[in-house]
Amino acid sequence: METFQHDVLIVGGGGAGLRAAIAIARDHPDVGVGVISKVYPMRSHTVAAEGGAAAVISPTDSLDDHAYDTISGSDWLADQDAVEILVENASKELLQLEHWGCPWSREPDGRISVRPFGGMKLERTWYAADKTGFHLLHTLFQTSLKYDAINRYDEWFVTSLIVADGRCQGVTAIEIRTGEMHPIGARSVILCTGGAGRVYPFTTNGNIKTGDGMALAYRAGVPLKDMEFVQYHPTGLPGTGILITEAARGEGGILVNKEGRRYLQNYDLGQPLDINDPNHPQKQTMELGPRDRLSQAFIKEREAGRTFEGPDGDYVHLDIRHLGEREIDRKIPMVRELAVRYVGIDPVHKPIPVRTVVHYMMGGIDTDTNGATSLPGLFAAGECACVSVNGANRLGSNSLTEILVFGARAASVAVDQAGQVPPPSNQLLTTSARSQEMKLKATLLHPNGGSDTVSGIRTALQETLEEGAGIFRDGATLERTCASIAQLQDRYEKLSLVDTSRTFNTDLVAALELGAMLEIGEAIAHSALARTESRGSHQRTDHPDRDDDGFLRHSLAFRGEGDPTIEYKEVTVTRWPPSERVYGRA
Amino acid sequence: MPEQTVLEVYRYLPDEETEPRFQSYEITYRDSWVVLDALDHIKTEIDPTLSFRWSCRMGVCGSCGMTVNGEPKLTCETFIRDYNTETIKIEPLAHFPVIRDLVINMQDFMEKLPTVSPWLITDEDKPLEAGEYLQTPAQMARYKRFSMCINCMLCYSACPVYGLNSLFTGPAALALAERYNLDSRDEGTQERSDVVTAHDGIWRCTYVGECTKVCPKDVDPAGAIQMLKLSYALDWAKSLVLPGRGR
Amino acid sequence: MSRELTHPLPRSWWLKRPPYFRFMMRELTSVAVFAYTPLLIWALWSAADAASFSVFYEFLRGPLSVWLHVVVLVLAVYHTGTWIALTPSVLVLWRNDEQVDPNLITGTTAMLFLSVSVGVVWLVLV
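Residue numbers (my numbering), protein chains in the order written: chain H, 70 to 655; chain X, 55 to 301; chain W, 1212 to 1337.
Just so you know, the hints here were simulated from the structure itself, not pulled from any lab data.
There could be a bad hint or two in this list.
As the list claims (entries may be wrong) - Just so you have them, the derived chain X footprint on chain H, three or more residues with Cβ under 8 Å:
1) 159–168
2) 179–189
3) 213–225
4) 252–266
5) 299–312
6) 433–443
7) 631–644
Since we're looking at a predicted model, the values are computed, not measured.
Virtual Cβ for every residue (Gly too), placed ideally from N, Cα, C.
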């Protein structure tokens, strides 16, 4: 066992983690920083973001408008002080990316170009064609290579946080290549581990998005906030769940049911304009409504029997033919690439089949606006955190901005705090790693003749969550889901792996991930059961109305011996008192 | 329609074996399946000990490069239906040390990449308040193609020059050097020259051209390297004619 | 500590994949071009006096020489072709944000090469 130490340790090498690492290396060259990630940084799921990142840049736009759109989009559950921080720092962060080389798409005169996005009043989404996340991540990764001070631990899996004297003092982690457990001490730890879409059966999220960081914090006693809010994206490819970006609609794409009708007009999202009308697509209307409302509309259409039936489930059509080949290739080339490759349809000539798909976790580790959690020394930023800027429904293109703004912010506070505490003792580190190693050998790596498998438990978890905590939920089904997750947790306790080898044991990694997924699933289901109202992405058929008196509050799930305890915390309202969400009504 | 095929998969379990072997898995696949789907099916249903890397399964994270019937492929973009051979042979990417099964060690690339300074180099730091560097779509088009690299390592696996001598900086890293050299905002061409034009840099490339052919993202690293050769050679020639006037 | 496997390329690596084989053939054709140089040196050397020149001239007319020239010509043309095919990789031209079709560049280079060759042949024969 080797022992490592850094002043600040970042867990996760995606957009938030790399932004944080660069912030530290550039602004505090004397501070030692480590980045630990279970994959090589450029594999992180930031890479798959497509449409863009929001920031006010146009002279006709305003920070207040961006803030209001975000808050109304969140169904008033976002903390307004956090949203103000987001919008104020957004353009600075995106410009910083530009100065680091990010190839943002341009106007003919060389200025940054912006496009419309769902729920946004004006064009304020910066984009790099439709591979924005890819360019953003690789720009950050390549820029991070400039700093020798950044020590990376690529393909290391964190198994626990080291908590002693009431604060987080590092992590224990398995070096996947060798299978060896090592402790990494730190005076501040920032979790930037992304979301957990993989707890559902059908998701745009990559295989790595298993909520590891959320579970680390949850197990250390930090509450998970607003976990009942799960974003379903309205346009994923059937079968694979591959994302077709909202930019397709931002550029003018329309959604059509099997009767050829632009069905969104039935769901209080405004009236359609002709696709040739110069004002199409209309902002905050029809196809440019928010994701929660569009996904709910899809389910209603399906119930009404107006969706197409296919071998991979029901779908509707996303039609972008009227944009023409040239515009498609310039603005959304990946949409074409993906549709041609994975469903065999060239969107230049045919509409793309799409359906709703789990995309994003609004909830996450409860943090303040500096990314600090209730556990001293522990910070979180990005999708794994809940600051909260996304509330009950995130607007598309706010998350790339969020990872940059709050990644950088958490870094600076983490550095300050690191300076105020001593480094962890070597003894603490080695004892922690030893006990993790012993636990591993006594559980997953201890053959016990059981026949359960990682994939068996995982599939059951995914199915029960989709059934109970899908787009529409009700108390009875949620109770069943909570109960079956508890059973799955019992099964997991007894799980032992066939593969007990140490070298690059991906079954072991998957089993550890499954442990995290079960924690996340539990928090989602119990938070959803407790919130007896409908708000944003959380729609209770047995409680169809929003209840501001009872639930204009964040849920906090605390891990308990058995079921989690759900508590609530007030939403911060600064300037925008709760009101109705209005889309498409003049 | 479900169909059957056999995957012959390279196995190497270093904790138990000293030599690699091939293991056959008979699978029933659907028309929509890519090779990666079949491997995941094997891992979840047949044999959990099989190890390979994957994540996004949409061709952008770069994790799942493997050798399929002798050709380097991104397995999430490679459809089983396109193979009419009796068996499909899956091996790790060539030219890299094998850690286990289909997992290669790509540390060599991770160490080479920073040496070509793949970041924007400017003579002066422009303050953020001054706004963006203007860059027209035409200026962006010059380097855009070379910025699409997902670091999947297929090009290294196709390059015999790298296979014979791993000191070679290699296609992806050099293409990224050219990506920044061609960026209108960048002023680092000179700074990159030492590594790029070193003995194991661009001049090792004999233009086999396979890196470009196997690239799943149409990056054209071979072209990038030839462009680098030309531009650095011209710089050198200019410095002979006009001493001290190099870039 | 884990043991990683390496598979060094065998000497016959260029027989394993057809593109590698074609690459080796391309490189080998340069030998043919090089092999022609002794003949040119002989030509220069023999130009010193009429007697040795007529020996050289007789060799040129012989069947061995004709065969040699045919083979070298084929290989040299092939080798030149590979260079022409390479040009669009090096010579990337732009019309605003659109790249000039690589085939156009290959075509133009090939045409240039052909016209120069025809010109040389015309100079020699006429």
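Compare the structure with the hints numbered earlier in the document and write down the numbers of the violated ones, lowest to highest.
-> Checked against the structure, the hints that fail are numbers 4, 6 and 7, while the rest are satisfied.
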